Amino acid sequence: MGKAVGVKLIDEYGRRHDGRLPDQMRPVRMRINVLENADGSALVEYGRTRILAAVYGPREPVQKFMALPDRALLRVRYHMAPFSTEERKSPAPSRREIELSKVIREAFEDIILVKYFPRTAIDIFLEVLQADGGTRTAAVTAASLALANAGIPMKALVAGVAVGKIEGQLVLDVDEIEDGSGEADMPVAYAPDIEKITLFQLNGVLTREELEKGLNMALSAIRELVELEKRTLKEEYVSTEEV
Amino acid sequence: MAQRTIVTPGDKLPGDVEAKEPYVVEINGVKVATTIGLLDTSGEKPVYIPLQSIYVPKKGDVVIGLVQSVGVVNWTLDINSPYNGVLPASDFLGRPYNPATDDLSQYLQVGDYVKVKIVAFDRTRNPLLTVQDKGLGKIVDGKILEVQPSKIPRIIGKKRSMLEMLKKETGCEIFVAVNGRIHVKCPDEDRETILILAIKMIERQAHTTGLTARVQEYIEELKKVKGVE
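Residue numbers (my numbering), protein chains in the order written: chain C, 8 to 250; chain Z, -8 to 220.
If you are wondering where the hints come from, they were derived from the structure by calculation, not from laboratory data. What you are looking at is a predicted structure, and each value in this text was computed from that prediction instead of being measured. Even glycine gets a Cβ: it sits at the ideal position worked out from N, Cα and C. Mixed in with the good hints there might be a few duds.
[Stated by the list, open to error] Here's a subset of chain Z near chain C, in silico, CB distances under 10 angstroms, partners left out:
| id | residue |
| --- | --- |
| 1 | D31 |
| 2 | T32 |
| 3 | N117 |
[What the hints assert, rightly or not] Now the stretches of chain Z that chain C is said to cover, found in silico as 3 or more residues with beta-carbon under 8 angstroms:
| id | region |
| --- | --- |
| 4 | 4 to 17 |
| 5 | 86 to 98 |
| 6 | 128 to 135 |
| 7 | 173 to 179 |
[Claimed, not checked] Taking CB as the label site, the calculated pair distances span:
| id | chain 1 | residue 1 | chain 2 | residue 2 | range |
| --- | --- | --- | --- | --- | --- |
| 8 | Z | D132 | C | F207 | 53 to 61 angstroms |
| 9 | C | E216 | Z | G20 | 42 to 50 angstroms |
| 10 | C | V41 | Z | D132 | 46 to 54 angstroms |
| 11 | Z | D93 | C | V41 | 22 to 30 angstroms |
| 12 | Z | A111 | C | D30 | 26 to 34 angstroms |
| 13 | Z | K49 | C | D25 | 36 to 44 angstroms |
Please build the complete structure, drawing on both the sequences and the hints.
This is the structure we're talking about:
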């Protein structure tokens, strides 16, 4: 990894290294009910990035002292599998994984209706099976689907996508190569139904105009992602209708 | 004709929709669905039926609990809910109880199913259970099925139509607990299999219309295959 030297990330026709246009996402795939033991589960793919999400609860917290008297305790574990990257990643949680667990948890704290289940715990496990950039945003999408699949009441569905800047141009849904040699990376998670941004980070430098333009690119992509989430959830019931 | 649409979390619902919290909440004056559900607009008022729900204990509910641990003065029961139930020893035994002389695992062991009633629950403490009522107590025969709690109303049916049909067609005794557990007692194994298959079919197709007639047809077909009268 690191910086790709001598590689043109955007060619003379304005196409990116994998043939995408600047405002084009990688092919997205979503599936729910992929795990039998979890209350809710989802598998989300953004191109080669692949995330497995499992949701348990509300249930009695394993450590009872952690229970909160007025709302459910939300716990998120974002973890990269040792085989998810090109070089083996140590399975021990890294500083980066602990931080991402925190920001993803915060992305859902105002979305899940935790006050209806005091003294319980809701666990979200996010396992990165294959990493190719944009894992945290794909993880948010997977978590949102798995929560809906588990029947946990939530105000709206959430999805995430990252906007990056490469060779002076804003691009949607950056992958590993673009992320490694780009000038900026801005992951966003958004709940279109209640018009709330629940995760917003920026790594690198963007001008005020670029930030605004990039944010709008992300938001319109997320609206489409949430539509796809809704279709995925509905299909689960439509397919059983003709049995 | 029934007008039913599937709604997902975040979808806006009509203002006069009939639904229970937390499946529908008001955000900025707009009713919003919080789980996957069905919006039925065929009646006078639109009705929201959650397709997935979490069982929250309510005082007076009769549920089937699974003994999770045996304590010194009580049992802890998994009642298929975020909160575990507590069954005091003195209540189960119906007499004053002395932990020095009585061993609770003699009466109920881990893995036993018990039919219990919820006496009190206010979310600050775990639900308190009792067996001191008609028909309650340890379940000693039959089988327990587990379904999603949201499918229970469908298994009972309008004015118990589905449940009565199941009982009549299979000749089994069926007790449906609101927490998603069903206790069945059948005269023979074939009938039990038929009943289980029928209940699984209801669970799978709970959101479709005209289900009672289809399940009845399905049971008759199975009976022919199994050669059951």
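A quick look at each hint next to the structure:
1. D31: violated (14 angstroms)
2. T32: violated (17 angstroms)
3. N117: holds (9 angstroms)
4. 4 to 17: Coverage by chain C holds here, the residue count being 4 at a Cβ distance below 8 angstroms.
5. 86 to 98: violated (count 0)
6. 128 to 135: Since 0 is below three, the answer is violated.
7. 173 to 179: Coverage by chain C is violated for the region 173 to 179 of chain Z (0 residues, Cβ < 8 angstroms).
8. Z:D132 x C:F207: 53 to 61 angstroms: holds (59 angstroms)
9. C:E216 x Z:G20: 42 to 50 angstroms: Given a distance of about 35 angstroms, which is not inside 42 to 50 angstroms, the answer is violated.
10. C:V41 x Z:D132: 46 to 54 angstroms: Roughly 37 angstroms apart at Cβ, these two residues miss the hinted range, so it is violated.
11. Z:D93 x C:V41: 22 to 30 angstroms: Cβ of Z:D93 to Cβ of C:V41: about 47 angstroms, so the range 22 to 30 angstroms is violated.
12. Z:A111 x C:D30: 26 to 34 angstroms: 58 angstroms Cβ-Cβ, so the 26 to 34 angstroms window is violated.
13. Z:K49 x C:D25: 36 to 44 angstroms: Because 55 angstroms falls outside the window, the suggested range is violated.
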